[in-house]
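J.: Sequence:
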Amino acid sequence: MKFRASQLLILLALLASAVGSIAAGPAVAQPASPWVSTEFADIRLISAVAGTEGREEIPLGLEFRLAEGWKVYWRSAGDAGYPPQVTWDGSDNLAGTETLYPVPHRFSLFGLETFGYKDQVVYPIVARLARSGAPLALTAQVNALACSEICVPLEATLSLDLPAGPAEPTAFTQLLNRWTAQVPRDLPGVGLDVVSARAAGDPQSPTLVLTVTSAEPINSLDVFPEGPEGLSYGLPEITLSDSARAATVRVPVGTRGEARLDGADLRLTLVDGDRFVERPLTVAAGAAPAGAADLWAVLGFALLGGLILNLMPCVLPVLSLKLVSVLNYGGAERGAIRRGFLASAAGIVASFVLLAGILAGLKSAGVAVGWGIQFQQPLFLAAMATVVLLFAANLWGWFEVALPRALADFGGRLPAEGAHGKGLVGHFLTGAFAALLAMPCSAPFLGTAVGFALARGPAEILTVFAIMGIGLALPYLAVAAVPSIARALPRPGRWMVTFRRILALALLATGVWLLTVLAVQIGRTGVLAVAGLFVAGAVVLALLHRSGRGGAGLTGAAILAGVLAVAGVTHAPEGGSGRPAGTQPDRTIAWEAFDRAEIDRMVAEGAVVFVDVTADWCITCKVNKQLVLETDPTAGLLSGGGVTAMQADWTNPDPAISDYLASFGRYGIPFNAVYGPAAPEGIALPELLSAAAVKEAIDRAGGGARTAGLDSR
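Per mature numbering (1 follows the signal peptide of the UniProt record, and there is no 0), the sequence shown runs over residues -23 to -1, 1 to 690.
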């Protein structure tokens, strides 16, 4: 029999098909539900095993394939959205389920933070069997939210049956294993951990401050806090240190109702590239704020602190203005004395109330606030230096400061007071300026009052600051109450000219100091530019008024401005950004840069750490250094091997330092604290330091062995 070629080919194809069918055996259905497809996402249920034999738990997965630009959500969705919700009504042999959540992505839009997944995600699900090894019939009702520019609810009913056969791997096993491996867990050995978590700032709008350590340099750290109800979390601000092996993370927190961050139990997910870990933690409260004390006690502290501020080094620059105010009234009548000093006191209180209003407004806008922060602003420093220059020139007798017409007209309707017929408006402005110049540092009792106020609302801020102003104005009020104090002074005469010039030199020194601080912030070139503008303006005015005495006076003022600028620049460091926190070395102490994470690490290793928060504009800080920190026996203790000295420079605004101060309920400087194994949360020292106070704190923090032999030095 002969076969044609075409018949032979057909026969061979049939044989190949039969052999293939025999080799393949019966077809096996893969354990997955059919896709439920929408315009925005496709959804299905998959299993990593083909049967239930020998199993008590079955690894499942809820898979989403998302259209471009669409996303679904993590278990904590953030400021909007919600995670997929699954009910299993109608399922058979199912005792319960647990849904796991892989590492999320962060989505930021218009200040809102949400967490979820785009393109594709598989949510691992662990299904517990009611009867081990028996068939499993699943019916899942899925409700999810998919979002792009709009949000659309998704609904799907998914069915999946697993026989009581061998639990062999399926085509979905690797896919499910890959997504399960991306679920953060509370496990050791990841090389990423949280050392501390504390609340800082206002309890109504606090900041979560985390200290994170890493076994290798941090590349792209992100933090996802969760819980409790009533708290929401903003975009973290991350500051790296220790060669990127440590980080300070500051997360703004919103509160609703009675929810509080301090003492809250959180679940924290840390993600850095392909490293991730989950950590449960309890947030430590910041130092107990003064708000726990009775309001009347705090107001008493504010009054006493304002009074003591008259004796602090901060007020020495304005001593000239106070003395001139008193001396101008020698031999004057009682009514004039009383009115003048009441006007000066009103100016002082008005300055405090104005500052309180500004701080309350900034705080409401979410800006970190503190006592003396105006001295961190170059424009404020330049304006203050200019006013000090004018006062110095005025005391020297080069010219008289003329008030604006509106104020002059108002003052002209009031009785002339004191020397030169100075009106009440002049006394008011002198008091206001004296108060502003007296605010760069703190005083005993003042820190408690300021901490209470700035941790509360606008009403408390205004009230406490007004009482502080009254405290600072008490000497003026005392003279107003007993005018005979001023009447007993010598009458103004030729001796006043010499005395006024001596006081002018004191203000000249103040101007040098202000320009020195300004040079730290904007650099020498910036200070020369500021002084140059002032000199140029003064020269122009002098030329316009050269026919009168005022021209000569303004020319003299211009010369004085030049002297101040040169002096300030000569004594200032180069650079326009100020020194980094804590890098300015002092005579005998090797200060290390302030690093909150490093403090925790050192204390964990048994070290004692002394922290000094300072600024170039803080006079009391400099007094503490000159009289205590840089003199024996304290200098020897801090420069020895048993104590690490850290310095934080707050000359320029620094959120890390602001948060650090707020964690102690403090909003001003000077501030010093000591940490050690016996005091890991830190021991805060008083504003005015003493060698005994420093020694005692280091003893307590170190367990009593750190300062042995200190008294014999």
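Simulated from the structure, these hints should not be mistaken for lab results. Keep in mind it's a predicted model, so treat the numbers as computed, not measured. Fair warning: there could be bad hints in the mix.
The calculated label-pair distances, taken between Cβ atoms and stated as ranges, are [stated by the list, open to error]: (1) A107 with A44: 49 to 57 Å; (2) V13 with E33: 27 to 35 Å; (3) W12 with T216: 42 to 50 Å; (4) E673 with L272: 25 to 33 Å; (5) P657 with W12: 23 to 31 Å; (6) A506 with C128: 47 to 55 Å; (7) E673 with G231: 37 to 45 Å; (8) P257 with P229: 17 to 25 Å; (9) E214 with A72: 43 to 51 Å; (10) P257 with A44: 19 to 27 Å; (11) G434 with A44: 44 to 52 Å; (12) E673 with G250: 42 to 50 Å; (13) G312 with P630: 30 to 38 Å; (14) Q354 with P229: 20 to 28 Å.
Ideal Cβ positions, reconstructed from N, Cα and C, are used throughout, including at glycine.
J.: Run every hint past the structure and note whether it holds.
T.: Checked hints:
Range check, A107 to A44: Cβ separation about 37 Å, and the 49 to 57 Å hint is violated. A beta carbon spacing of about 29 Å between V13 and E33 agrees with the range 27 to 35 Å that was offered as a hint. A hinted range of 42 to 50 Å holds for the C-beta pair W12 and T216, which are about 46 Å apart. Hint check: E673 to L272, Cβ distance near 31 Å, so the stated range 25 to 33 Å holds.
In this structure the supplied range 23 to 31 Å is violated for P657 paired with W12, their Cβ-Cβ distance being about 55 Å. At roughly 53 Å, the beta carbons of A506 and C128 sit within the given window of 47 to 55 Å. The hinted window of 37 to 45 Å between E673 and G231 holds, with their beta carbons roughly 41 Å apart. Roughly 22 Å separates the CB atoms of P257 and P229, a value that falls within the hinted 17 to 25 Å.
A C-beta distance of roughly 45 Å is found between E214 and A72, which places it inside the suggested range of 43 to 51 Å. The supplied range of 19 to 27 Å is broken by P257 and A44, whose beta-carbon atoms lie about 36 Å from each other. Evaluation of the 44 to 52 Å hint for G434 and A44 yields a pass: the beta carbon distance comes to about 47 Å. For E673 paired with G250, a C-beta distance near 46 Å keeps the hint of 42 to 50 Å intact.
Remark: the range hint 30 to 38 Å for G312 to P630 is contradicted by a beta-carbon distance near 47 Å. Restraint check, Q354 to P229: a C-beta distance of roughly 23 Å satisfies the suggested window 20 to 28 Å.
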